[in-house]
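Undergrad: So the chains spell out like this:
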Amino acid sequence: MAILAGKQVIIVGDRDGIPGPAIAECATSAGAEIAFATTECFV
Amino acid sequence: MPVIKGVAYSLVHAPNILFHNGSTQAMERIKNPNSEYFPKLRNQLRSFDAAVGYAPNQAYIGNIALGDLKAIPRPWYDKSLEKASRFGKFGEIMPEDEFYGLIKIVDSFDLVILEAGFSADVKAKLEKHELIGDVNLARLGAGKDAAEIQKLVGAHTAEGLYIGDRLVGCVRQAHEVDETLSAHVMLENLVTKASSALVVLQLLRNSGINPTDVDYIIECSEEACGDMNQRGGGNFAKAIGEIAGLVNANGCDVRGFCAGPSHALLNAASLVKSGVFENVVVVGGGAVAKLGMNGKDQVAKNMPALEDVLGTFALLISKNDGVNPYIRMDVIGKHNIGTGASPQQVMKALVVDPLTKLGRKITDIDCYSVEMQNPELTEPAGAGNVPEANYKMIAALAVMAGEIGRPDIPAFGEKHGLPGFAPTQGHIPSGVPVLGYVREQMLAGKINSMMMVGKGSLFLGRMTNLFDGLSLVIEKNPGVQEEGPQLNKETVRQMVAEALRDLAQGLK
Chain A
1 MAILAGKQVI IVGDRDGIPG PAIAECATSA GAEIAFATTE CFV
Chain B
1001 MPVIKGVAYS LVHAPNILFH NGSTQAMERI KNPNSEYFPK LRNQLRSFDA
1051 AVGYAPNQAY IGNIALGDLK AIPRPWYDKS LEKASRFGKF GEIMPEDEFY
1101 GLIKIVDSFD LVILEAGFSA DVKAKLEKHE LIGDVNLARL GAGKDAAEIQ
1151 KLVGAHTAEG LYIGDRLVGC VRQAHEVDET LSAHVMLENL VTKASSALVV
1201 LQLLRNSGIN PTDVDYIIEC SEEACGDMNQ RGGGNFAKAI GEIAGLVNAN
1251 GCDVRGFCAG PSHALLNAAS LVKSGVFENV VVVGGGAVAK LGMNGKDQVA
1301 KNMPALEDVL GTFALLISKN DGVNPYIRMD VIGKHNIGTG ASPQQVMKAL
1351 VVDPLTKLGR KITDIDCYSV EMQNPELTEP AGAGNVPEAN YKMIAALAVM
1401 AGEIGRPDIP AFGEKHGLPG FAPTQGHIPS GVPVLGYVRE QMLAGKINSM
1451 MMVGKGSLFL GRMTNLFDGL SLVIEKNPGV QEEGPQLNKE TVRQMVAEAL
1501 RDLAQGLK
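Going line by line, the protein sequences match chains A and B.
Under this note's numbering, the residues of the first sequence are numbered 1 to 43, in order.
Under this note's numbering, the residues of the second sequence are numbered 1001 to 1508, in order.
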């Protein structure tokens, strides 16, 4: 997961998949800076 | 124990409302009024007969069982069921012209105007409808000149009602400047009211309940009715009950994005369980905004615009009759504020936690009803097969619990799941559309238990990043329960607690 260390990330999560906050938590633990995170509903 | 004593499910075929008023189309019209999408969309709108012959629609109104739908190879849209019918045991698929008549019938403020010739044609059709009585039929009126309607629509003080290129009516704004009473909002709200009234009338017929015996109505559609001083003031529930003749009922509106029906059902069951009311109607009407929601992708893939029906449902929740399936009130799965957002946490809260409380395994539940969107509507837009994704998530939890092996995940969905079949009307697919089928299966002794899982995207309202979910366990009725208190573990616990409390009071 070193590929995310020191990087800024934009996250678009899916309510029926992986929501934004869950992805953000993972990305943060991998050293990323969250520039923007959201969850969208596609149904 | 509250039971599901009656069900009704109906659709309204609304290709012209889709074309003119669906939110995807409305946004495109603002951003790109000369978009190539519109002529393509126009060509790919389905006929009424095609919508009736569409297998998922026939499943929705109860003409084919969900198990039989699963056996029909996809795509479903390129074939029409031979024995398809407008009417089914749960409800009907109403054509758009008759529905315009119904919008006029439910209009209490003279906002809806139908062209005279069109109104007469519709009246002749609705006279044959078994649920539209003389009182309601009389509200259709004589209609007005086309020129008057044209003038109002041209002045942007009314939304047009069309059949193809023909302007057959309009819905006027209810206020000059209040956006919550604009013509667009009034159209959306009158569509919700009319489609809800239709399905409540069907519920009364299906269940056989006397309209005067309904105590309370909980409405859980997607719109808000109110004015600029109280945007969601309400309420649809009493407005719908008034049309359906539920003269002894009060009611309220419950919202929760797509989880609205789950919350409404929980509230209805709680009112019955507590003994406050004996008969509570839960009703959800159609959502104009979501018509054609994924239309661009469907049209781009040369498919028909499949999101052309408004979805509705109504349930009668009553005190235990010893026959109908009952809703367990001792275990409610809920996504709490502190639950978290990971899929694992969400599904644990909604599925595992309530079952653990019951001492049951995930595989002990015969059938799960999740987000039951028809995959044919969502896959072209890249949203995948939503029910299948939900079943995989539940199966993954069963793997983690050691109940099944990882290779058994697809088989779990086959055994405990059902095919997605509901229109993408938001609240309509959310757990609730399966209840009609499951109720029948339980009454026939083929299913013993189900879990209904409803989810809602609260974050869309931009008040919180939270989402929402609520689950209910529904079981086959074991038969009439004995009257009076029964000596069980809970009763003894309560008796001991009361005795200790009395003792403590005496020591003060």
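Hints listed in this document are in silico derivations from the structure and should not be mistaken for laboratory results.
Computed from a prediction, not measured in an experiment: that's the story for all the values here.
The beta-carbon is built from N, C-alpha and C at its ideal position, and this holds for glycine as well.
Fair warning: there could be bad hints in the mix.
Unchecked claim - Computed footprint of chain B on chain A; a stretch qualifies when at least three of its residues, placed anywhere within it, have a C-beta under 8 Å from a C-beta of chain B:
hint : stretch
1    : 20-33
2    : 36-42
Unchecked claim - Here are the in silico distance ranges between beta carbons for each label pair:
hint : chain 1 : residue 1 : chain 2 : residue 2 : range
3    : B       : M1463     : A       : E25       : 35 to 45 Å
4    : A       : V12       : B       : D1068     : 35 to 45 Å
5    : B       : F1038     : A       : E40       : 44 to 54 Å
6    : B       : F1038     : A       : T38       : 47 to 57 Å
7    : B       : D1330     : A       : T38       : 44 to 54 Å
8    : A       : C26       : B       : V1480     : 46 to 56 Å
9    : B       : L1443     : A       : V12       : 40 to 50 Å
10   : B       : L1443     : A       : E25       : 38 to 48 Å
Undergrad: Against this structure, judge whether each hint is valid.
TA: Right, here's what the structure says about each hint:
1. Judged by the Cβ-Cβ criterion of 8 Å, the stretch 20-33 of chain A is covered by chain B as claimed, because 4 of its residues qualify and three suffice.
2. With 4 residues carrying a beta carbon less than 8 Å from a beta carbon of chain B, the stretch 36-42 of chain A meets the three-residue requirement, and the given coverage holds.
3. The supplied range of 35 to 45 Å is broken by M1463 (chain B) and E25 (chain A), whose beta-carbon atoms lie about 21 Å from each other.
4. One distance hint, 35 to 45 Å for the beta-carbon pair V12 (chain A) and D1068 (chain B), holds here, with the actual separation near 38 Å.
5. In this structure, F1038 (chain B) and E40 (chain A) break the distance hint of 44 to 54 Å, their C-beta atoms being roughly 25 Å apart.
6. The beta-carbon spacing between F1038 (chain B) and T38 (chain A), approximately 30 Å, falls outside the hinted interval of 47 to 57 Å.
7. A C-beta distance of roughly 37 Å is found between D1330 (chain B) and T38 (chain A), which places it outside the suggested range of 44 to 54 Å.
8. Checked against the hint of 46 to 56 Å, the pair C26 (chain A) and V1480 (chain B) passes, with Cβ atoms roughly 53 Å apart.
9. At roughly 44 Å, the beta-carbon separation of L1443 (chain B) and V12 (chain A) lies within the given 40 to 50 Å, and the hint holds.
10. Between L1443 (chain B) and E25 (chain A) the beta carbon distance is about 45 Å. The supplied range of 38 to 48 Å therefore holds.
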